[in-house]
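Please construct the entire structure, taking both the sequences and the accompanying hints into account.
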Amino acid sequence: MLLQFTMHFTLEKMLKSTISIFLALCFIFTGAAFAENVESSLDVGMVSTKTTQLLPLMPLERDMVSIYNLVYESLMKIDDNRMPQPYLAKEYTVVNGGKTLKFELRENLRFSDGTPLTAYDIAASGNFILETAKNDGLEDKGFYQNMRYLIKEFKAEDPMNLTVTTERAYYAALYSLTFPVVKADMVNTPNAVGSGPYVVQNFTPAQDIWLEVNPNWWQSEPQVKSIMIRFYSNNKDLITDYEYGRIDTAVTRSVAAAQYKSGISSLSISYRTNQLETLMLNHQSFPLGDVRVRKAILKALDLRSLMSRAYMGMGIRAYTPFETGTWMYEDMESYYDYDLEGAKQLLAEAGWGDMDDNGTLDIINEKGETKNLVLRLAVYEDPINSVRYEIANSIKEMLAKVKISVNIQLTTMADLKPRLEAGSIDMAIVAFQMDVAPDPGFLLISSNVKNGNYSRYRSNQMDELFTAYRRKENPSEFAYAAKDIQRKFAEDIPFIPLFYATGAILTRKMFTTVRDIREFEIFRGIESFSSVD
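Residue numbers (the working numbering): 485 to 1017.
Rather than coming from a laboratory, the hints here were simulated on the basis of the structure.
Since the model is a prediction, treat every value here as computed from it, not as a measurement.
None of the hints are false.
Computed cross-link-like contacts, BS3-like style, restricted to lysine-lysine with a CA-CA straight-line distance of at most 30 angstroms:
1. Lys956 <-> Lys625
2. Lys636 <-> Lys561
3. Lys934 <-> Lys636
Right under this line is the structure:
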């Protein structure tokens, strides 16, 4: 579901220097001109191994979603401030106590084949997603399956007017309306006709896809007329081809990209992903039920240093499950500061001390038994970046400074998931693929202990805050409710968010000036880019 498990080798192995890489670096950073603006074409590389058909409503790979967003458009779009805005819709109104959304479409919308785009096409696309998500007979319920928790039905009233019935009055429902729209009779047809700025001229699985300007696009014709995207089976070959100038642009989440900084003839552009790395703390495992111990662990971790060392800076520090720096974010960063002495004080207040002076804290429990503060840390590896085990070792070293002993247990995705569900862990490093709709309730609500709330955190107050949050239809009230949740999170520390992973766009040709480039919209802004001042 939302949980994403991934796998790693060692960072040292991945980043080992070779003479060829050195020569390639010399090639990149020598030259007389700065990275130039793109002109009429762009040659891009990215990793793709699973996509054999172009099915925009059922994507199999995250980076393919960015390609689909060049060919297809959506009812709503997320702006630079992470707020949903009408796109194919001209405007919308909220009725029926927030449970119904009425959309009026823009005029003169049309598909690339010249036929009109109507509310019937949007309704058919949305209802196909809902039907797929609700089909118990399907194992793969689709990339957009979480829509079923927010949207009940799409209905076209006429070609220009659409009614969306929501599951409840909830502002976050608007975020789920960013799915691609295809022609009504092509919802499950490969290479369905779209309405976006580009059309697919050719697609060869595991090789490339060629996009050309859509002559019937309803907006101004893009400066970039042609985009060739070459597919690679691995990041090593992708980055090597970029190093030797065989492609203009490389899109990657590999930490190997961190060695490239913006220089004379090449740019490195960071983009946000939805992957949240966390340190889960099992409240039912002694002594993690004590909030003082959880806060001490947080304060003992120098997370900025950890992110810099292990992920080479390819991440955005997370303080709560909500994304840092967005319009809903409550700035409480000082509360999460690294504070070794503060950690020691909290542990002492909780009754822990090194009575036998063996370097590990201990305590006498209610039965008069001496218990050492030794915690098991489970970690599984990630196939893209082999650094999570290194993160675990860094956590072990940092906690040793406050005399908490850690035993690392290297496991697999398949083995760890049932252990998380059963609560048979002390701590675990776990990554979650967060939804576009900003709702981390699955990580925190008491009733969800087997489907995301692996910390086994229970709080009636937090449950009530999420109940209130999920009833807000007004954006300002929605943001205030989100901040209430973040303040409660800081008070309880249910688990420790580490960071949101970032990706990198390495390019010799600048193709966008938008402020916020993000996962699923890597090419955001290319359709409106102009090299003319």
